[in-house]
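These protein sequence lines map, in sequence, to chains H and P. Using our numbering, the first residue of the first sequence is number 29, and each one after it goes up by one. Using our numbering, the first residue of the second sequence is number 2, and each one after it goes up by one.
FYI, nobody ran anything at the bench for these hints, they're computed from the structure. A couple of the hints might just be wrong.
[As the list claims (entries may be wrong)] In silico DSBU-like pairs for lysine-lysine, Cα to Cα no more than 30 Å straight-line:
1. H/475 - H/191
2. P/25 - H/387
3. P/93 - H/475
4. P/25 - P/93
5. P/93 - H/387
6. H/59 - H/105
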Amino acid sequence: MELSDLSAHELALYLRQRRISAVEILESCLKRIEAVDGRPGRLDGGPLTVEDEQKVHSFITLTPERARAQAEAVDRKIAAGEDPGPLAGVPFTVKDIFCVEGTPSTAASRILANFTAPYTATPVARMEAAGAVMLGKVNLDEFTYGSSNESSAFQPSPRNPWKLDRVPGGSSGGSTASVAAGEAPLSIGTDTAGSIRQPAAFCGVVGMKPTYGRVSRYGLIAFASSLDCPGPVARNVTDAALMMNTIAGADPHDSTAANVPVPDYLAALEQGIKGLRIGLSPDYFRITYPNLQNGTFETQPLPAEIEASVRRAADLLAAMGAEIVEGVPMPNTRFGIPAYFVISRVEAASNLHRFDGVKYGYRTPEPMNDLRAMYRQSRGQGFGAQPKLRILMGMYVSAAQYSEQYYNRALRVRTLIRQDFDRAFDPQGPYRLNALLTPTTPTTAFKMAALYGDSVLMQYADQLTVPANHAGVPGVSLPAGLDGEGLPIGIQLLGPDYREDVLLRIGRAYEEATETDPWRRVRPQALL
Amino acid sequence: MPLTLAEVEHIAQLARLELTAAEKELYRQQLSDILEYARRLQALDTAGIPPTASVLPPRSVLRPDETAPSLPPADLLRNAPRIEDGQFRVPKVME
Numbered sequence: 029m030e031l032s033d034l035s036a037h038e039l040a041l042y043l044r045q046r047r048i049s050a051v052e053i054l055e056s057c058l059k060r061i062e063a064v065d066g067r068p069g070r071l072d073g074g075p076l077t078v079e080d081e082q083k084v085h086s087f088i089t090l091t092p093e094r095a096r097a098q099a100e101a102v103d104r105k106i107a108a109g110e111d112p113g114p115l116a117g118v119p120f121t122v123k124d125i126f127c128v129e130g131t132p133s134t135a136a137s138r139i140l141a142n143f144t145a146p147y148t149a150t151p152v153a154r155m156e157a158a159g160a161v162m163l164g165k166v167n168l169d170e171f172t173y174g175s176s177n178e179s180s181a182f183q184p185s186p187r188n189p190w191k192l193d194r195v196p197g198g199s200s201g202g203s204t205a206s207v208a209a210g211e212a213p214l215s216i217g218t219d220t221a222g223s224i225r226q227p228a229a230f231c232g233v234v235g236m237k238p239t240y241g242r243v244s245r246y247g248l249i250a251f252a253s254s255l256d257c258p259g260p261v262a263r264n265v266t267d268a269a270l271m272m273n274t275i276a277g278a279d280p281h282d283s284t285a286a287n288v289p290v291p292d293y294l295a296a297l298e299q300g301i302k303g304l305r306i307g308l309s310p311d312y313f314r315i316t317y318p319n320l321q322n323g324t325f326e327t328q329p330l331p332a333e334i335e336a337s338v339r340r341a342a343d344l345l346a347a348m349g350a351e352i353v354e355g356v357p358m359p360n361t362r363f364g365i366p367a368y369f370v371i372s373r374v375e376a377a378s379n380l381h382r383f384d385g386v387k388y389g390y391r392t393p394e395p396m397n398d399l400r401a402m403y404r405q406s407r408g409q410g411f412g413a414q415p416k417l418r419i420l421m422g423m424y425v426s427a428a429q430y431s432e433q434y435y436n437r438a439l440r441v442r443t444l445i446r447q448d449f450d451r452a453f454d455p456q457g458p459y460r461l462n463a464l465l466t467p468t469t470p471t472t473a474f475k476m477a478a479l480y481g482d483s484v485l486m487q488y489a490d491q492l493t494v495p496a497n498h499a500g501v502p503g504v505s506l507p508a509g510l511d512g513e514g515l516p517i518g519i520q521l522l523g524p525d526y527r528e529d530v531l532l533r534i535g536r537a538y539e540e541a542t543e544t545d546p547w548r549r550v551r552p553q554a555l556l
Numbered sequence: 002m003p004l005t006l007a008e009v010e011h012i013a014q015l016a017r018l019e020l021t022a023a024e025k026e027l028y029r030q031q032l033s034d035i036l037e038y039a040r041r042l043q044a045l046d047t048a049g050i051p052p053t054a055s056v057l058p059p060r061s062v063l064r065p066d067e068t069a070p071s072l073p074p075a076d077l078l079r080n081a082p083r084i085e086d087g088q089f090r091v092p093k094v095m096e
């Protein structure tokens, strides 16, 4: 067992006990990165070599000097007898959609490739203030627009550590790949439709999308501002709770960051789950796929192994004292993706207007005599296919003559999706749930290039995660075994507003119940 | 109903996005596909349902009106493609 394989709470404890130093932890993680990560993603990354196909490629920018300075500062504090903070010496990676002062903050896009952030995002600043050591910036889909990481302008894009010919999921695929490969015990990602939970499921790690507003978005390069949620990626529930303790809470820099008291998530973990009401919904056990040949929709059952993992989790939780409530209707789940196609594109188009080649980012090198021509050329050359498509879509569906048909209608459907959750969680209602237990994804990790280029099918990877974003409620994906191909399966818990503590409690109980499962001892391919 | 090339060109113009001919045709097809799926929303009866643009309650959040240091101008200008005399430099806007 190397230090890089230990969990965040173990590292923090051993460090405080002076059994290990922050620099030793850092060296262990850097050694792991050296061994498994391969070359970092970069613009015009060139053709893939055979060696590239055997590496994880989590990183865009590794910052070892910065990390070493932070680790040495932690060790000095400990030597001086000062409190080094709850995450002291714990390495973490940052999805490259967050600004971190003095580091390239690229959004995996050519248009921001030369951007060095002048300030640090609040969740990252809170991690560093708690003593955590930032290793660098990890890859993602360009501007987070994707579910596989393949749309990054920085190639090679990350690969799934469990099976290197598979995608890690996305858009926080660099985050989940880095944690699954033992490059860091923690990462900070963002979730707009499932971008933390879906790659967490694909990579066999824990990923939490907090309640909308629970974690500040200050310093996050915006995608869809009414849906974006920063959140933790970790290898176990305790580490996710530890990280939530650090990053959650109000922020004077973000008026949408909720001024709601933050509980001690760690203290909540060991309370058990006796009496908690956990629901199962048939609407999360069937998946709807568009048939690209005839334009119709086909509803299919979930793959049997995924359904069995959720059923088994329900049985285990019931044996620990939870009450399982079957047959909870969530009828608007199937409209989550069509509504998201409209709402997220409108917000993305609006947020991307700021990239104009004037204040920061890419400007066309060709001499321009006219400001508008400079805008057009800079944006046309700087954005990749996904941002362009989303800008066009967003402008189309919000145009005056179409907004009633598309945008306003999608906002009403969003209300219906929220009402499904309100009914399920209503303490006076027919179901009175503390949480809903569902699969995280309709499939396990798919092969690289299998869906890339098909914007519609790619989006359907998020169909079981996106309703929580529309509704604003929290969700967590937990590793729940391996399928017949050895790929991780994820199960999801969704809860009422600001009840991340309950989801983590249930997640911890599930971990205890499955502690001796053989799959928990299996190592990802990248580490063999 | 598929989008026309003229519609794509019109939105691209509004979005200040220069596209190649190949891009226009590719995005025309992809947008038409995506809109087809977005049209599923028409199947729902949404009469009388209020829209949700944000899950937050509509409220105004103000922090105390106190002066605090901002980022130094030099830090903010450092990322600009062109600056002149402490200002952003752009091509001329009008003749």
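Each hint tested on the structure:
1. At roughly 9 Å between alpha-carbon atoms, residue 475 of chain H and residue 191 of chain H fall within 30 Å of each other, so this suggested pair holds.
2. Distance restraint check for residue 25 of chain P and residue 387 of chain H: the Cα-Cα separation of roughly 28 Å lies within the 30 Å cut-off, and the hinted pair is therefore satisfied.
3. This hinted pair does not check out: residue 93 of chain P and residue 475 of chain H have alpha carbons roughly 49 Å apart, beyond 30 Å.
4. Restraint check for residue 25 of chain P and residue 93 of chain P: satisfied, since their Cα atoms lie roughly 28 Å apart, inside the 30 Å limit.
5. Between residue 93 of chain P and residue 387 of chain H, the direct Cα distance comes to roughly 16 Å. Compliance with the 30 Å bound is thereby established for this hinted pair.
6. Distance restraint check for residue 59 of chain H and residue 105 of chain H: the Cα-Cα separation of roughly 24 Å lies within the 30 Å cut-off, and the hinted pair is therefore satisfied.
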